[in-house]
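There are 2 protein chains.
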Amino acid sequence: MVKRTRIKEVLESTAFGSEVTIKGWVRTFRNNQFIALNDGSTINNIQAVVDFNNTDESLLKRITTGAAVSVTGELIESLGKGQKVEVKVKSIEILGDCDPEEYPIQPKKHSLEFLRENAHLRFRTNTFGAVFRVRHALAFAVHEFFNQKGFVYMHTPILTASDAEGAGEMFKVTTFDIGNPPRNEEGEIDYKQDFFGRATNLTVSGQLEGELAAMAFGEIYTFGPTFRAENSNTTRHLAEFWMIEPEMAFYDLVDNMNLAEEFIKYVIGYVLKNNREDLEFLGQRLAEEEKQKPQNERSELGLIEKLEFVTNNDFERITYTEAIDILKNSKQNKNKKFQYIIEEWGADLQSEHERYLVEKHFKKPVILTDYPKDIKSFYMRLNEDGKTVRAMDILVPGIGELVGGSQREERLDKLTARMKDMGIPAEELWWYLDTRRFGSAEHAGFGLGFERLVLFTTGMTNIRDVIAFPRTPKNAEF
Amino acid sequence: MVKRTRIKEVLESTAFGSEVTIKGWVRTFRNNQFIALNDGSTINNIQAVVDFNNTDESLLKRITTGAAVSVTGELIESLGKGQKVEVKVKSIEILGDCDPEEYPIQPKKHSLEFLRENAHLRFRTNTFGAVFRVRHALAFAVHEFFNQKGFVYMHTPILTASDAEGAGEMFKVTTFDIGNPPRNEEGEIDYKQDFFGRATNLTVSGQLEGELAAMAFGEIYTFGPTFRAENSNTTRHLAEFWMIEPEMAFYDLVDNMNLAEEFIKYVIGYVLKNNREDLEFLGQRLAEEEKQKPQNERSELGLIEKLEFVTNNDFERITYTEAIDILKNSKQNKNKKFQYIIEEWGADLQSEHERYLVEKHFKKPVILTDYPKDIKSFYMRLNEDGKTVRAMDILVPGIGELVGGSQREERLDKLTARMKDMGIPAEELWWYLDTRRFGSAEHAGFGLGFERLVLFTTGMTNIRDVIAFPRTPKNAEF
Numbered sequence: 001m002v003k004r005t006r007i008k009e010v011l012e013s014t015a016f017g018s019e020v021t022i023k024g025w026v027r028t029f030r031n032n033q034f035i036a037l038n039d040g041s042t043i044n045n046i047q048a049v050v051d052f053n054n055t056d057e058s059l060l061k062r063i064t065t066g067a068a069v070s071v072t073g074e075l076i077e078s079l080g081k082g083q084k085v086e087v088k089v090k091s092i093e094i095l096g097d098c099d100p101e102e103y104p105i106q107p108k109k110h111s112l113e114f115l116r117e118n119a120h121l122r123f124r125t126n127t128f129g130a131v132f133r134v135r136h137a138l139a140f141a142v143h144e145f146f147n148q149k150g151f152v153y154m155h156t157p158i159l160t161a162s163d164a165e166g167a168g169e170m171f172k173v174t175t176f177d178i179g180n181p182p183r184n185e186e187g188e189i190d191y192k193q194d195f196f197g198r199a200t201n202l203t204v205s206g207q208l209e210g211e212l213a214a215m216a217f218g219e220i221y222t223f224g225p226t227f228r229a230e231n232s233n234t235t236r237h238l239a240e241f242w243m244i245e246p247e248m249a250f251y252d253l254v255d256n257m258n259l260a261e262e263f264i265k266y267v268i269g270y271v272l273k274n275n276r277e278d279l280e281f282l283g284q285r286l287a288e289e290e291k292q293k294p295q296n297e298r299s300e301l302g303l304i305e306k307l308e309f310v311t312n313n314d315f316e317r318i319t320y321t322e323a324i325d326i327l328k329n330s331k332q333n334k335n336k337k338f339q340y341i342i343e344e345w346g347a348d349l350q351s352e353h354e355r356y357l358v359e360k361h362f363k364k365p366v367i368l369t370d371y372p373k374d375i376k377s378f379y380m381r382l383n384e385d386g387k388t389v390r391a392m393d394i395l396v397p398g399i400g401e402l403v404g405g406s407q408r409e410e411r412l413d414k415l416t417a418r419m420k421d422m423g424i425p426a427e428e429l430w431w432y433l434d435t436r437r438f439g440s441a442e443h444a445g446f447g448l449g450f451e452r453l454v455l456f457t458t459g460m461t462n463i464r465d466v467i468a469f470p471r472t473p474k475n476a477e478f
Numbered sequence: 001m002v003k004r005t006r007i008k009e010v011l012e013s014t015a016f017g018s019e020v021t022i023k024g025w026v027r028t029f030r031n032n033q034f035i036a037l038n039d040g041s042t043i044n045n046i047q048a049v050v051d052f053n054n055t056d057e058s059l060l061k062r063i064t065t066g067a068a069v070s071v072t073g074e075l076i077e078s079l080g081k082g083q084k085v086e087v088k089v090k091s092i093e094i095l096g097d098c099d100p101e102e103y104p105i106q107p108k109k110h111s112l113e114f115l116r117e118n119a120h121l122r123f124r125t126n127t128f129g130a131v132f133r134v135r136h137a138l139a140f141a142v143h144e145f146f147n148q149k150g151f152v153y154m155h156t157p158i159l160t161a162s163d164a165e166g167a168g169e170m171f172k173v174t175t176f177d178i179g180n181p182p183r184n185e186e187g188e189i190d191y192k193q194d195f196f197g198r199a200t201n202l203t204v205s206g207q208l209e210g211e212l213a214a215m216a217f218g219e220i221y222t223f224g225p226t227f228r229a230e231n232s233n234t235t236r237h238l239a240e241f242w243m244i245e246p247e248m249a250f251y252d253l254v255d256n257m258n259l260a261e262e263f264i265k266y267v268i269g270y271v272l273k274n275n276r277e278d279l280e281f282l283g284q285r286l287a288e289e290e291k292q293k294p295q296n297e298r299s300e301l302g303l304i305e306k307l308e309f310v311t312n313n314d315f316e317r318i319t320y321t322e323a324i325d326i327l328k329n330s331k332q333n334k335n336k337k338f339q340y341i342i343e344e345w346g347a348d349l350q351s352e353h354e355r356y357l358v359e360k361h362f363k364k365p366v367i368l369t370d371y372p373k374d375i376k377s378f379y380m381r382l383n384e385d386g387k388t389v390r391a392m393d394i395l396v397p398g399i400g401e402l403v404g405g406s407q408r409e410e411r412l413d414k415l416t417a418r419m420k421d422m423g424i425p426a427e428e429l430w431w432y433l434d435t436r437r438f439g440s441a442e443h444a445g446f447g448l449g450f451e452r453l454v455l456f457t458t459g460m461t462n463i464r465d466v467i468a469f470p471r472t473p474k475n476a477e478f
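Protein sequence lines correspond, in order, to chains E and X. In case it helps, full-length UniProt numbering puts the first sequence at residues 1 to 478. In case it helps, full-length UniProt numbering puts the second sequence at residues 1 to 478.
It is possible that part of the hints are untrue.
As the list claims (entries may be wrong) - Below are the BS3-like pairs computed for lysine-lysine, each with C-alpha atoms no more than 30 Å apart in a straight line:
{"id": "1", "chain 1": "E", "residue 1": "LYS414", "chain 2": "X", "residue 2": "LYS61"}
{"id": "2", "chain 1": "E", "residue 1": "LYS376", "chain 2": "X", "residue 2": "LYS474"}
{"id": "3", "chain 1": "E", "residue 1": "LYS8", "chain 2": "X", "residue 2": "LYS265"}
{"id": "4", "chain 1": "E", "residue 1": "LYS387", "chain 2": "X", "residue 2": "LYS3"}
{"id": "5", "chain 1": "X", "residue 1": "LYS387", "chain 2": "E", "residue 2": "LYS3"}
{"id": "6", "chain 1": "E", "residue 1": "LYS90", "chain 2": "X", "residue 2": "LYS192"}
{"id": "7", "chain 1": "E", "residue 1": "LYS420", "chain 2": "X", "residue 2": "LYS192"}
{"id": "8", "chain 1": "X", "residue 1": "LYS414", "chain 2": "E", "residue 2": "LYS149"}
{"id": "9", "chain 1": "E", "residue 1": "LYS172", "chain 2": "X", "residue 2": "LYS192"}
{"id": "10", "chain 1": "E", "residue 1": "LYS149", "chain 2": "X", "residue 2": "LYS90"}
{"id": "11", "chain 1": "X", "residue 1": "LYS293", "chain 2": "X", "residue 2": "LYS387"}
{"id": "12", "chain 1": "E", "residue 1": "LYS3", "chain 2": "X", "residue 2": "LYS149"}
{"id": "13", "chain 1": "E", "residue 1": "LYS474", "chain 2": "X", "residue 2": "LYS420"}
{"id": "14", "chain 1": "E", "residue 1": "LYS149", "chain 2": "X", "residue 2": "LYS3"}
{"id": "15", "chain 1": "E", "residue 1": "LYS8", "chain 2": "X", "residue 2": "LYS149"}
{"id": "16", "chain 1": "E", "residue 1": "LYS3", "chain 2": "X", "residue 2": "LYS474"}
{"id": "17", "chain 1": "X", "residue 1": "LYS192", "chain 2": "E", "residue 2": "LYS265"}
{"id": "18", "chain 1": "X", "residue 1": "LYS414", "chain 2": "E", "residue 2": "LYS3"}
{"id": "19", "chain 1": "E", "residue 1": "LYS88", "chain 2": "X", "residue 2": "LYS149"}
{"id": "20", "chain 1": "X", "residue 1": "LYS387", "chain 2": "X", "residue 2": "LYS291"}
{"id": "21", "chain 1": "E", "residue 1": "LYS61", "chain 2": "X", "residue 2": "LYS414"}
{"id": "22", "chain 1": "E", "residue 1": "LYS149", "chain 2": "X", "residue 2": "LYS8"}
{"id": "23", "chain 1": "E", "residue 1": "LYS474", "chain 2": "X", "residue 2": "LYS192"}
{"id": "24", "chain 1": "E", "residue 1": "LYS265", "chain 2": "X", "residue 2": "LYS334"}
{"id": "25", "chain 1": "X", "residue 1": "LYS387", "chain 2": "E", "residue 2": "LYS265"}
{"id": "26", "chain 1": "X", "residue 1": "LYS474", "chain 2": "E", "residue 2": "LYS192"}
{"id": "27", "chain 1": "X", "residue 1": "LYS273", "chain 2": "E", "residue 2": "LYS273"}
{"id": "28", "chain 1": "E", "residue 1": "LYS273", "chain 2": "X", "residue 2": "LYS360"}
{"id": "29", "chain 1": "X", "residue 1": "LYS3", "chain 2": "E", "residue 2": "LYS364"}
{"id": "30", "chain 1": "X", "residue 1": "LYS265", "chain 2": "E", "residue 2": "LYS149"}
{"id": "31", "chain 1": "E", "residue 1": "LYS84", "chain 2": "X", "residue 2": "LYS149"}
FYI, nobody ran anything at the bench for these hints, they're computed from the structure.
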């Protein structure tokens, strides 16, 4: 087999006169002469120039959009604009034909909806090539960030018998014959005979297990799939998505905020440094999309400017109580422009309120802390006031909530009292409570929905476009 | 909050005379004076020396195994053996008590089985601390290896409607009321009303989706959970485990073998370099365990020697046909010492045969290639002989199969013929076949079960001991 060079490397090479072999997929073929070839290593195509006078016509006809080809030729300096090098073709081999009558991906603008229906081929477009290279870079930056800090990567379980957390609707997992499961003498389904000897679900969060590990390793993180069986057909929700959940012993809420802010800046900074060309393309794409919008709905900053702004500026930090004051006194609220009018302390913030704070009022990412306990989870540490908890949400422009976290309740008596209040059975979470029985310590953590981070970083607007094969209600194709 | 220093850093420090604050869990407290403190950052404890004459007795009583404490004191050179530094305690605070009457993890040797039942606390032991730090390092090395080579990390779907691959028994996923699902007019379960509008399962492999991405990005990898609903209660099988699956366009089987061998050497080399102390501990542990075995069952090499041997030597590469010859002519086979006697070409190799080749015959990792098509999957490329396929398995000592891979069948006619032979419905895999219709190219890939890699690297012998919360038949605790 002939060794190939990746197009990214060839484009960066200045070894003019040397022979290279490149392999990839034809994006366009112009004038029976100019092949734009892409192999996914970069958003840029390389131009391969065919000597059509000395090339068999039947071969030329097979150089169609989507065909896989191997090209060997001389690397030469390019005279064309926008490219430094090109390949003067000596030999070309068609590895796999692509019938232009049948191939769905043509060299024209396709709608994102059409490309979702062809998710198996959409990686071959500029947009999705860029999106998934950025997604890769973000994922790598996540691991690099935590590894450098000495965090231990934990794989918390996907299958779980615990449904006590109440984070959302769960998928059931079974090996039973669904219409005809075994039943016990009372006529109830006999889960003792199911694969795990009990009813099991897909996890909604690895946090509780992550805390167990944090109470031994100090600092850990998870990065794995989580699930919600919610019938939400929005541009923000998936039934299957990836979450990053760090948990840290000996951290309080301020440490937690500091870590989360540093983390977000690090991973975005990594992409700014390593995926510049992809971001430039995505920025242009976004700018064109925004042109369709009325002036007042357009972003003030371009994609790269927005990302640089986030990495270069402190996030605003305010309490929930302060946020309620701002919202109550806002023109939006007074003129009843919000769908949900803020009337009193204790109200749950809706997406419109979060976006007002971030996009209109502060014009930067905002960390909101100390929410009313009644709108937050049982495991968050109760404040001295007895009515708020040490929660934090990080809100960013265009997305709303990117991170949700808290200092965890490490006091056994307070935790069990809260669970009792909320009807969470302590016996199911005996192992979680054990961390409060044996060497408890203050600790904190947060969760970040990875696809929301990819949305924010790429400027895409539908979450189905930033995960390879989205799972949503009535959709599990591929 | 007082800033703490991680014990790993303190142990490497020579800033004698400076004040440090450390936080962690008490491993032992001897003579009312010597605290061995661990925070999970390293296998080594730091010694904190308490001035018991000037410390309140009620405080001293609370310094028990498992208690979380914060210690501030002066870093001094240690006179004790096996440690360079210790902390002369100025102040100590009990963050979380630990009742020695109730705490399951005592400073003595616990059985692995006992620790499995206490998986939420076992991270606090030397063995599991070391295992999960090594697991982390291996995971990071996986990402670093592929990132350096320009591979794109893909998150392939966990929930899948496809059960066409036939890689094993699958878990069903539903939001139906099990036992009482909606039915259509024919009385069949009406999956159109289920969450995804069809019957769905947990994935057994991301390979098929991975191939789609490879045919756009060139080189990709997956690293995610996969599932088998097989009722196998062995030391080698889990119902939920993590797999790494690279897929590469323009690779043939030799490229695939080269990559897999380089990959294994890289990740093991990374751990040898970065987790030396953990490996030394695990090596001693293994040596002690082996002392219980009869002489002829003991490993010839210690753990670190074994890992160094693997990174320093070429893997043996032979065909299945050659392997059958070796096995047929072996004393083991002739003396009927194998449980399954090898009689003729075409036999599926059992674990005993794989281990004979690796542990007795070659005494090194072996890559077996070109298996009979009848014992391999539909997507493997058919050889010219019409009876073998371009498969490869990598076998390693103590584990058996660590990697399974192949060059994929890229020829549409051959692939569809094979699917027809095996009764795999082409219409369900239309998207997979599209990669062979539109710009097909030779490509290859492999899968590596991550827990088997962790087993091999740590010298642990039960797969339940290398994943945080193992899922096995009748077991989904925590």
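Consistency of the hints with the structure:
{"no.": "1", "hint": "E:LYS414 - X:LYS61", "in the structure": "holds (25 Å)"}
{"no.": "2", "hint": "E:LYS376 - X:LYS474", "in the structure": "violated (33 Å)"}
{"no.": "3", "hint": "E:LYS8 - X:LYS265", "in the structure": "holds (26 Å)"}
{"no.": "4", "hint": "E:LYS387 - X:LYS3", "in the structure": "holds (28 Å)"}
{"no.": "5", "hint": "X:LYS387 - E:LYS3", "in the structure": "holds (28 Å)"}
{"no.": "6", "hint": "E:LYS90 - X:LYS192", "in the structure": "violated (55 Å)"}
{"no.": "7", "hint": "E:LYS420 - X:LYS192", "in the structure": "violated (39 Å)"}
{"no.": "8", "hint": "X:LYS414 - E:LYS149", "in the structure": "violated (50 Å)"}
{"no.": "9", "hint": "E:LYS172 - X:LYS192", "in the structure": "holds (17 Å)"}
{"no.": "10", "hint": "E:LYS149 - X:LYS90", "in the structure": "holds (28 Å)"}
{"no.": "11", "hint": "X:LYS293 - X:LYS387", "in the structure": "violated (43 Å)"}
{"no.": "12", "hint": "E:LYS3 - X:LYS149", "in the structure": "holds (15 Å)"}
{"no.": "13", "hint": "E:LYS474 - X:LYS420", "in the structure": "holds (29 Å)"}
{"no.": "14", "hint": "E:LYS149 - X:LYS3", "in the structure": "holds (15 Å)"}
{"no.": "15", "hint": "E:LYS8 - X:LYS149", "in the structure": "holds (12 Å)"}
{"no.": "16", "hint": "E:LYS3 - X:LYS474", "in the structure": "violated (50 Å)"}
{"no.": "17", "hint": "X:LYS192 - E:LYS265", "in the structure": "violated (44 Å)"}
{"no.": "18", "hint": "X:LYS414 - E:LYS3", "in the structure": "holds (26 Å)"}
{"no.": "19", "hint": "E:LYS88 - X:LYS149", "in the structure": "holds (27 Å)"}
{"no.": "20", "hint": "X:LYS387 - X:LYS291", "in the structure": "violated (46 Å)"}
{"no.": "21", "hint": "E:LYS61 - X:LYS414", "in the structure": "holds (25 Å)"}
{"no.": "22", "hint": "E:LYS149 - X:LYS8", "in the structure": "holds (12 Å)"}
{"no.": "23", "hint": "E:LYS474 - X:LYS192", "in the structure": "holds (8 Å)"}
{"no.": "24", "hint": "E:LYS265 - X:LYS334", "in the structure": "violated (66 Å)"}
{"no.": "25", "hint": "X:LYS387 - E:LYS265", "in the structure": "violated (55 Å)"}
{"no.": "26", "hint": "X:LYS474 - E:LYS192", "in the structure": "holds (8 Å)"}
{"no.": "27", "hint": "X:LYS273 - E:LYS273", "in the structure": "holds (28 Å)"}
{"no.": "28", "hint": "E:LYS273 - X:LYS360", "in the structure": "violated (51 Å)"}
{"no.": "29", "hint": "X:LYS3 - E:LYS364", "in the structure": "holds (29 Å)"}
{"no.": "30", "hint": "X:LYS265 - E:LYS149", "in the structure": "holds (25 Å)"}
{"no.": "31", "hint": "E:LYS84 - X:LYS149", "in the structure": "holds (24 Å)"}
Hint violations for this structure: numbers 2, 6, 7, 8, 11, 16, 17, 20, 24, 25, 28, all remaining hints satisfied.
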